[in-house]
Each structure stands twice: as structure tokens, then as C-alpha cells.
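Enquirer: Could you put the whole structure together from the sequences, leaning on the hints where they help?
Here is what each chain is made of, one letter per residue.
2 protein chains.
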Amino acid sequence: MKLRRSDRMVVISNYLINNPYKLTSLNTFAEKYESAKSSISEDIVIIKRAFEEIEIGHIQTVTGAGGGVIFTPSISSQDAKEMVEDLRTKLSESDRILPGGYIYLSDLLSTPAILKNIGRIIAKSFMDQKIDAVMTVATKGVPLANAVANVLNVSFVIVRRDLKITEGSTVSVNYVSGSSGDRIEKMFLSKRSLKAGSRVLIVDDFLKGGGTVNGMISLLREFDSELAGVAVFADNAQEEREKQFDYKSLLKVTNIDVKNQAIDVEVGNIFDEDK
Amino acid sequence: MKLRRSDRMVVISNYLINNPYKLTSLNTFAEKYESAKSSISEDIVIIKRAFEEIEIGHIQTVTGAGGGVIFTPSISSQDAKEMVEDLRTKLSESDRILPGGYIYLSDLLSTPAILKNIGRIIAKSFMDQKIDAVMTVATKGVPLANAVANVLNVSFVIVRRDLKITEGSTVSVNYVSGSSGDRIEKMFLSKRSLKAGSRVLIVDDFLKGGGTVNGMISLLREFDSELAGVAVFADNAQEEREKQFDYKSLLKVTNIDVKNQAIDVEVGNIFDEDK
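Just so you know, the protein sequences line up as chains A and B, in that order.
All residue numbers for the first sequence refer to the UniProt record's numbering, where the first residue is 1 and numbers rise by one.
All residue numbers for the second sequence refer to the UniProt record's numbering, where the first residue is 1 and numbers rise by one.
These are computed hints drawn from the structure, not numbers from a lab.
Do not take every clue at face value.
Unchecked claim - Within a straight-line C-alpha distance of at most 27 Å, the following computed DSSO-like cross-link-like pairs (lysine-lysine) qualify: (1) K186(A) x K164(B); (2) K90(B) x K191(A); (3) K186(B) x K186(A); (4) K48(A) x K32(B); (5) K116(A) x K116(B); (6) K116(B) x K90(B); (7) K116(A) x K130(A); (8) K208(B) x K191(A); (9) K248(A) x K164(B); (10) K48(A) x K124(A); (11) K22(A) x K81(B); (12) K130(B) x K116(A); (13) K208(B) x K186(B); (14) K186(B) x K164(A); (15) K124(B) x K2(A); (16) K48(B) x K37(A); (17) K22(A) x K90(B); (18) K2(A) x K81(B); (19) K32(A) x K81(B); (20) K90(A) x K164(B); (21) K191(B) x K90(A); (22) K164(A) x K208(B); (23) K259(A) x K191(B); (24) K124(A) x K32(B); (25) K116(B) x K164(A); (26) K37(A) x K48(A); (27) K116(A) x K164(B); (28) K164(B) x K259(A); (29) K32(B) x K116(A); (30) K2(B) x K48(A); (31) K32(A) x K48(B); (32) K195(A) x K90(B); (33) K191(A) x K116(B); (34) K48(A) x K116(B); (35) K191(B) x K208(A).
Expert: Shown next as C-alpha cells:
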């Protein structure tokens, strides 16, 4: 299909956005849109500049025979901070308090526009890491892991607290459930869902005692895989926990006052490395 | 931020792709990129043509005071058919057969590139419907519902088979579990997760007896909501079922031969309306 330059730019930028972290040779575009490789090169220069101007991400050009372009999505620090601030306001809404001092957050974690932004923010924060897979625990972590995996263009694996026949052979580990630390439960991961030697980013919705994340770290060892990092949507700073792993959080819940129906939420540590 | 035309086109097309089904006024772009509204209009004409040439989707221009542009994502019939054919091949791999004649498909439903395509294909197939939300049942349906909801830019709701305190008040219904039809179980949906009067698209991974989908349809009634349609990744044509609802399937499993480790898969009915 022969396209004009302007059309080609729209089409190539769309392709790159939909195929992050993937090396594509300029010949692929040249053949597809019946253009000279030099013209595609010029298109890429313009797209690269536009992407960088509005901080959508970076385009890297790899030279040589196996070369091409790779798009790494990003998000501007300002946009990221505004989005997290908006989430902080939403999470502070008093009607989110459930009996027992739990916080309702399913609505936030099932809205595509919010999930896409969370995915971009977390992915950017682990940009310098090699990540082969994203891991989470069912059910509420799934959309989060999915969102991060979409940006990183890697698969995600879902750890389960129950045993399902449709998962085939599984590996199980014990983990400490609940903040009191006196309940030991099991979590399961399908044997074929994670390759040995993977570097894995663990993503979860709400960090309380840390038992679930510790369980997932044990699972990584069982799969001869490595922890690349831990990211959570919200961190409950009220819970005492022995810090056994580093993590990044978008939000930090500092107080839940059930009597007065008030939730205090701060921005988490995810921007701490930014100046 | 003042941008050149070429940069503006890249940036505006990126915005539209990331904000499907959303009306955005041309003034928004004009102000953001310090350009005349007439220039933005011309940009849109070029983007619209490029999107239609490669069948990424349609841009509709709404005139008048509250006007603007809306992007409706799509996918070319040829691409869609090639993708489903590729999935058919993958689903036919004999090593997917699990003891008991179950099929392992978690790997397919946790790969972003596959999920994005499934989302586009299902969303396109319900393009003429007004859809306010996508509904599924935990856990394997979640990434599918998420993918479809991303394209439609609506929220998704997750029905659960267990009761979680973090969901707050729930409504439950009984449903017939398993193909034998003799086991009645309960499914739950958080009360605040779905607004009354919603038109809902039900999405699930594997259609067997149909009990789960029937359960979700009962839930819709409890929420004074309406069924917009049912879409499944794969339909098990081996199961006898009383057809109580219309559905669209990407794939149809016609035979699982555990002894000879063979799975027969055909393309489902999702393209039946296309010529």
C-alpha cells in the first residue's frame, strides 16, 4: 500500500505505540508502504521528535544488519504526578471505607483510562530493568499486572489462592496471610506459566503485611526466576511489617478512621528518585 | 506548546488512539498546540484518511457548539481473520490438553499482543451497540474483559464465585455449575460496581454448559441492567446446551481427543455477518 508521507507518519507512529519494546526494521515499513528506506528514516526522525516533545516515549535507532527502531513508552513527570494526585483525591473519598476498615478500590482498578496511566507510571519507574514477565495474585491484581505488561510488552502470570483444574500442574508455596501473621495459607502457580531464568516484576493492588508479596517471591525461587522489583498501587502505612523487600508505591494510606469515615492518603514513594 | 504540522499529526493521532469513543473539541488541540482551529481541522482530515487507509478505525467529526472529533477503533477484516486463524492454530496444539480433557489457555490470555487483538475483534463486532460496561467472571475472564473495555473505553465489572470483604455489599445469584447441571452454586457482584440501567457486554474465556453466562444474565436483572451481547474466546461445541442466549465466539472447539492428544478447533461465528 503506497502512502503519502503524512499518512505514513500517522500509521508508523500508531504501529510503534502498539508495539512497544519491539525491534522493527525500517525495511518492514519501506516494503509495507512502498517507500524508500531513506524516506522512512526521515519519517522516524520526525516521529521521534514529536514523541519526545510531548514525552510519549523514546525511539531508539539500532544500526547495522539486524537494526531497526524500538519504541520505549514513557510519560512526562508532570503528567504522572498529576495523575497520581488525582488518584490520591479519589482514594481519599470517605465513602470508600468498608466495614472493618477496608477500602473499596475496585472501581479504580476497572477503569481503562486509569489503568493505562498506572501502567505507564509503573513501567517508567522500572525502565532501566530488564523485565521478562509481570506477576500478580488473583483477582484484583490482574488488571494492574495486565496494564503494566501492556506497556512493557511482556506476558503476565497470575498466582492463585485456589487450585484450578484448568491450570494443569502447579507449584505451591506457603505464605503468611493477614497482618497478625498467624495464618499460613497456600498460593499456586501453573508450572508452565513462567520460564526458568525470568526476571519478574511483581505488581499488586494493596500492600498490607507483605505476606502475599513474600509468597510470590518464594514462588520465583521455585521457578528459578529472579525478582526485578515490586510495585503496588497503594501501601497501607498503618500496618507494621518487617521490610523484607524494596517496593514502589503510587499511594500511601496513612490513616483509616472508620468512626469519622476519613481516609488519609499521601503520594507514595514512586517519584522519590525524581529530582 | 507550539508544534509543527508533522509533529502535531503524530501527537493528535496518538491522543485519539489512546482516547477512543471520547468526544474532543478541536479547540482543545488548537489551544494545546497553539495552532489555528482551521489547521487542526486539516490535520484531522489527514489523520482520518490515514486511519481509514490502514483500517485502524474511524474518525467522526461532530459539528456545532458541543462538537469535536470521536475516534472509533476498528481492525481490518483481513487482519482480524489472520489473527483468529493464528489463534486457532495455537489452540490446536496437542500439549494444551490437560487431564480430564481441559484445555490450557492461560498463556494466550496473558499475552498483551494477543489480548489487544482479541479486544479489537470483539469490540468491532459489537460496534453498532451502545455498551456501558463489560462484565466477566473471575479469574480468567478478567484480562479478556479488560482488553475489550480498553477498546470501548468503558469500565469492566468482575463477578466472583467467592465472597470478598474488600468488595463491600454484594448481590448474589444462584447458577448451574458444570455441564451435568446438577450442581448449583452462587456468584457475587459488588453492589456499587454496576449502575442501574447499564447496557452490558458479557465476555468470557470458555463457553461450556452456559451456566456461568446465564448466572451473569440473572445478575444483570438484579442490577436493573440490560444485556448488550455475549462474546467468548472459545466455545466448546462438544457440550450439549440449551441455547438460552445468543453469543459470538472467536473459536469453536469441536473435539478433544484425550487418548490421541488431539484438539480440533474451528473459527467461531464472530465473522458470520461479514460477507
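Enquirer: Hints first: check each against the structure and report whether it holds.
Expert: So, going through the hints one by one against the coordinates:
Between K186(A) and K164(B), the direct Cα distance comes to roughly 17 Å. Compliance with the 27 Å bound is thereby established for this hinted pair. Taking the CA atoms of K90(B) and K191(A), the gap is near 19 Å; set against the 27 Å cutoff, the hint holds. Proposed proximity of K186(B) and K186(A) is supported: the alpha carbons are some 23 Å apart, at most 27 Å. The straight-line distance between the Cα atoms of K48(A) and K32(B) is roughly 19 Å, inside the 27 Å bound, and the hint therefore holds.
Distance check on the hinted pair: K116(A) and K116(B) sit about 13 Å apart at the alpha-carbon level, within 27 Å; holds. Straight-line distance between C-alpha atoms of K116(B) and K90(B) comes to about 16 Å, which keeps the hinted pair within the 27 Å bound. Between K116(A) and K130(A) the CA atoms are separated by roughly 21 Å; this keeps the pair inside 27 Å, and the hint holds. Straight-line distance between C-alpha atoms of K208(B) and K191(A) comes to about 25 Å, which keeps the hinted pair within the 27 Å bound.
Between K248(A) and K164(B), the direct Cα distance comes to roughly 26 Å. Compliance with the 27 Å bound is thereby established for this hinted pair. For the hint linking K48(A) to K124(A), the alpha-carbon distance of about 18 Å falls within 27 Å, and the restraint holds. Between K22(A) and K81(B), the direct Cα distance comes to roughly 23 Å. Compliance with the 27 Å bound is thereby established for this hinted pair. A C-alpha spacing of about 23 Å is found between K130(B) and K116(A), which places the hinted pair at or below 27 Å, so the restraint holds.
For the suggested pair K208(B) and K186(B), the alpha carbons sit about 17 Å apart, so the restraint of at most 27 Å is met. Between the alpha carbons of K186(B) and K164(A) the distance comes to roughly 17 Å, so the proposed pair stays at or under 27 Å and holds. Restraint check for K124(B) and K2(A): satisfied, since their Cα atoms lie roughly 26 Å apart, inside the 27 Å limit. Between K48(B) and K37(A) the alpha-carbon distance is near 25 Å, which keeps this suggested pair within the 27 Å criterion.
Pair hint K22(A) plus K90(B) holds up; C-alpha atoms about 22 Å apart against a cutoff of 27 Å. Note on K2(A) and K81(B): the hinted pairing holds, with a Cα-Cα distance of about 23 Å set against a maximum of 27 Å. For the suggested pair K32(A) and K81(B), the alpha carbons sit about 19 Å apart, so the restraint of at most 27 Å is met. Restraint check for K90(A) and K164(B): the C-alpha separation of about 22 Å stays at or below 27 Å, so the hint holds.
Between the alpha carbons of K191(B) and K90(A) the distance comes to roughly 19 Å, so the proposed pair stays at or under 27 Å and holds. For the proposed pair K164(A) and K208(B), the alpha carbon gap of about 16 Å is at most 27 Å, so the pair holds. A hinted pair counts as satisfied when its Cα atoms are at most 27 Å apart, and K259(A) with K191(B) qualifies at roughly 22 Å. Between the alpha carbons of K124(A) and K32(B) the distance comes to roughly 24 Å, so the proposed pair stays at or under 27 Å and holds.
For a cut-off of 27 Å, the pair hint linking K116(B) to K164(A) stands: about 25 Å separates their Cα positions. For a cut-off of 27 Å, the pair hint linking K37(A) to K48(A) stands: about 16 Å separates their Cα positions. For the proposed pair K116(A) and K164(B), the alpha carbon gap of about 25 Å is at most 27 Å, so the pair holds. A distance of roughly 22 Å separates the Cα atoms of K164(B) and K259(A); the hinted pair therefore holds under the 27 Å criterion.
At most 27 Å may separate the alpha-carbon atoms for a hinted pair to count; K32(B) and K116(A) meet this at roughly 22 Å. Straight-line distance between C-alpha atoms of K2(B) and K48(A) comes to about 16 Å, which keeps the hinted pair within the 27 Å bound. With a CA separation close to 19 Å, the supplied pair K32(A) and K48(B) stays within the 27 Å bound. Between K195(A) and K90(B), the direct Cα distance comes to roughly 18 Å. Compliance with the 27 Å bound is thereby established for this hinted pair.
Restraint check: the Cα-Cα separation between K191(A) and K116(B) comes to about 25 Å, which is no more than 27 Å; the hinted pair holds. For the proposed pair K48(A) and K116(B), the alpha carbon gap of about 24 Å is at most 27 Å, so the pair holds. Between K191(B) and K208(A) the CA atoms are separated by roughly 25 Å; this keeps the pair inside 27 Å, and the hint holds.
Against the hints set out earlier in the document, no violation occurs for any number.
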